[in-house]
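Use the sequences and the hints to build the structure in full.
Residue-level listing of the chains:
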Amino acid sequence: MSKTSTKGIWKVISASSMGTMIEWYDFYIFGSLAVVISTKFFPGDNPTAAFLSTLATFAAGFVVRPFGALFFGRLGDIIGRKYTFMATLLLMGGSTFLIGCIPSYETIGFFAPLLVLILRLLQGLALGGEYGGAATYVAEHAPKGQRGYWTSWIQTTATVGLFISLMVILATKTVLSAEDFDIWGWRVPFWVSIVMVGVSYLIRKNMDESPEFAKAKKEGTTSASPLKESFGNRYNLKFVLLALFGATMGQGVVWYTGQFYAMSFMKTVMNIDSSQVDTLLGIALLLGTPFFIVFGWLSDKVGRKYIMMGGMLLAILFYRPIYKAMYTTTDTTLKTEIAEKTNTTVELTVAKDSVYTTHKEFTDGTVSIEKKTHFATKKDDQVTTSVTINSSDEWSLIFLVFIQVLFVTMVYGPIAAFLVEMFPVKIRYTSMSLPYHVGNGIFGGLLPAISTYFVTHSKAAGKQDFYLDGLWYPIVIASVCFVIGMIYIDNKNKNAHL
Amino acid sequence: MNFIKKALGILWIVLAIAAAYFCIFAFGLPKFLSNQQEDLVFGIIILFILTPLIVLGLGTFGYFSLIGEYDKEE
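Heads up: the protein sequence lines correspond to chains A and B, in order. Residue numbers for the first sequence, in our numbering: 7 to 504. Residue numbers for the second sequence, in our numbering: 856 to 929.
Careful, some of the hints might be misleading.
[To be verified] With a straight-line cut-off of 20 Å between C-alpha atoms, the simulated SDA-like cross-links for lysine to any residue are:
| no. | chain 1 | residue 1 | chain 2 | residue 2 |
| --- | --- | --- | --- | --- |
| 1 | B | Lys860 | A | Met492 |
| 2 | B | Lys860 | A | Tyr241 |
| 3 | A | Lys244 | B | Glu924 |
| 4 | A | Lys244 | B | Ile868 |
[Claimed, not checked] Pulled a few chain A residues facing chain B out of the computed Cβ check, cut under 10 Å:
| no. | residue |
| --- | --- |
| 5 | Phe68 |
| 6 | Glu235 |
| 7 | Arg240 |
| 8 | Tyr241 |
| 9 | Leu243 |
| 10 | Lys244 |
| 11 | Leu250 |
| 12 | Ile448 |
| 13 | Ala455 |
| 14 | Ile456 |
| 15 | Phe488 |
| 16 | Ile490 |
[Said to hold, decoys possible] Just a few of them, taken from the derived set where beta-carbon distance is under 10 Å, the chain A residues facing chain B:
| no. | residue |
| --- | --- |
| 17 | Leu248 |
| 18 | Gly252 |
| 19 | Val489 |
| 20 | Ile493 |
No lab work stands behind these hints, which were simulated from the structure alone. Built from N, CA and C at the ideal position, the CB exists for glycine as well.
If you want it as structure tokens, here you go:
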């Protein structure tokens, strides 16, 4: 079978990676702008809107992705990879652009959150279909023995998409005043998407169908009902289950811990200033991203299994020490306060609430601002703390997050090639997309909520190391996955030659 | 190795049952019945998405292991 030349494959990689990166960008800006979106579309005093808000976050963001994998996977195995992942790109880009155009709740009332929810559902569906298409398309173009290396470029897109979304939001906030950003500037990152999608569409439009799928189509060996063949056939179903429980389930939780739980842990448990967290996370991601390629390349030499399982094992062993070290960095009870610089001011709001702001400085340069609101109408006080850390601590945290990103690159770098090689051409798109999105969307996507639940529960129970208890979820899931992967998965995949 | 794979099949089935108990009684139902909107959605996802997925998926995986579907031909 003729494979694509090195020059040609770079074209394939650019077209596939750019589109997938845009889809991740689109997906992340919603999450990154969640606070401003909730004030525009989901007013907290309206219970129905608040309900829709939660649905938009959980259901559309994560749960709907496997359905997109089934829908678009089936299409991709019937009509082809190229047209299917062009459809997902347009669906994602169009939905993102339209979210940026919806009038606020104040203007059109209940329709605003409803429209956002519908568009967010379409985003989730599109994302569910995109990844499998891009990974399959690249893998089927890749020269023999180099699938790990070439598909690892696709693996970088999720991280690059997150990085670019943070940068675009940061740039928009820098250019505009805080007031302008709040009124209309938050829409800009959504509008930017349509330009990127337009460019990506034009590039993808001129690409050829994957050689392996084109050959199968020509020979009439494509599947008429990929869903039935993938999940109704015991022989294929057992590999779908093995891919899920022996690889993607663990990969999903390691990925979400390294990128998203680390971010939420620094913001909500360590109380570090939000923009400082975004910056240090951005640096760690930038430093870690090339390792997707390194481990993808290495998996072509030594096999996929041991690299992925190695990443999972390291995560299982080191998550608790890493998070303990992270927490200690900003634990102000361990720092020396400069007493003469501590001051407290009191403000009375229009609603007659009293806000006590306490400013503290520490000898190592750490600054903490604690706001305690005593409500006129409520019994319980509300306390929020924001800590700004010094440069040395910032680099310590960058290092600790970077290590976690390294674990991510080990489990995630080779996974596309691993999944592609697990299934035959005729049902590949469908069969690989479902375990990937169940592992990442469900097991990974629910991680922040489940881990936060554990932390809150332990804190309420008065446990001293309460902040580490959120890690039990990824540790247990990754451990089960590690055992299954080590025992049941072969280092050499049966379809590696196809 | 084939014997270990088969024996572990029992463990995966037991784990699926234990996960079902934990997901339903420790996690899903308390959230589902908490009368808070956010917890309600979370409870629905745990009860109707995560629990069936783990129970059916891991249970079937365990069954396949037990009957030797993953055995390597020697």
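For a C-alpha distance cap of 20 Å, please report whether Lys244 of chain A and Ile868 of chain B respect it. 15 Å, holds
Going by Cβ atoms only, is Gly252 of chain A closer than 10 Å to chain B? Since the shortest Cβ distance to chain B is 9 Å, the answer is holds.
When the least beta-carbon distance from Phe488 of chain A to chain B is tested against 10 Å, hint result: 13 Å, violated
Quick check on Leu250 of chain A please, does its C-beta sit within 10 Å of some C-beta on chain B? 6 Å, holds
Are Val489 of chain A and chain B close enough, Cβ to Cβ, to be under 10 Å, as the hint says? 8 Å, holds
Can you verify the interface hint for Ile448 of chain A: is its Cβ closer than 10 Å to any Cβ in chain B? 6 Å, holds
Hey, does the Leu248 of chain A contact hint survive, CB to chain B under 10 Å? 7 Å, holds
Agreement of hint Ile493 of chain A with chain B interface, Cβ distance less than 10 Å: Holds - the Cβ of Ile493 of chain A comes within 10 Å of chain B, reaching about 6 Å at its closest.
Should the hint that Lys244 of chain A touches chain B count as held when the rule is a Cβ pair under 10 Å? 5 Å, holds
Please work out if Lys860 of chain B and Tyr241 of chain A have their alpha carbons no farther apart than 20 Å. 17 Å, holds
Check whether the Cα positions of Lys860 of chain B and Met492 of chain A lie no farther apart than 20 Å. The hint holds at about 11 Å.
Classify the hint on Tyr241 of chain A as holds or violated, based on whether any CB of chain B lies nearer than 10 Å to its CB. Status holds, d = 8 Å.
The structure fails hints 6, 15 (numbered hints given earlier, in ascending order).
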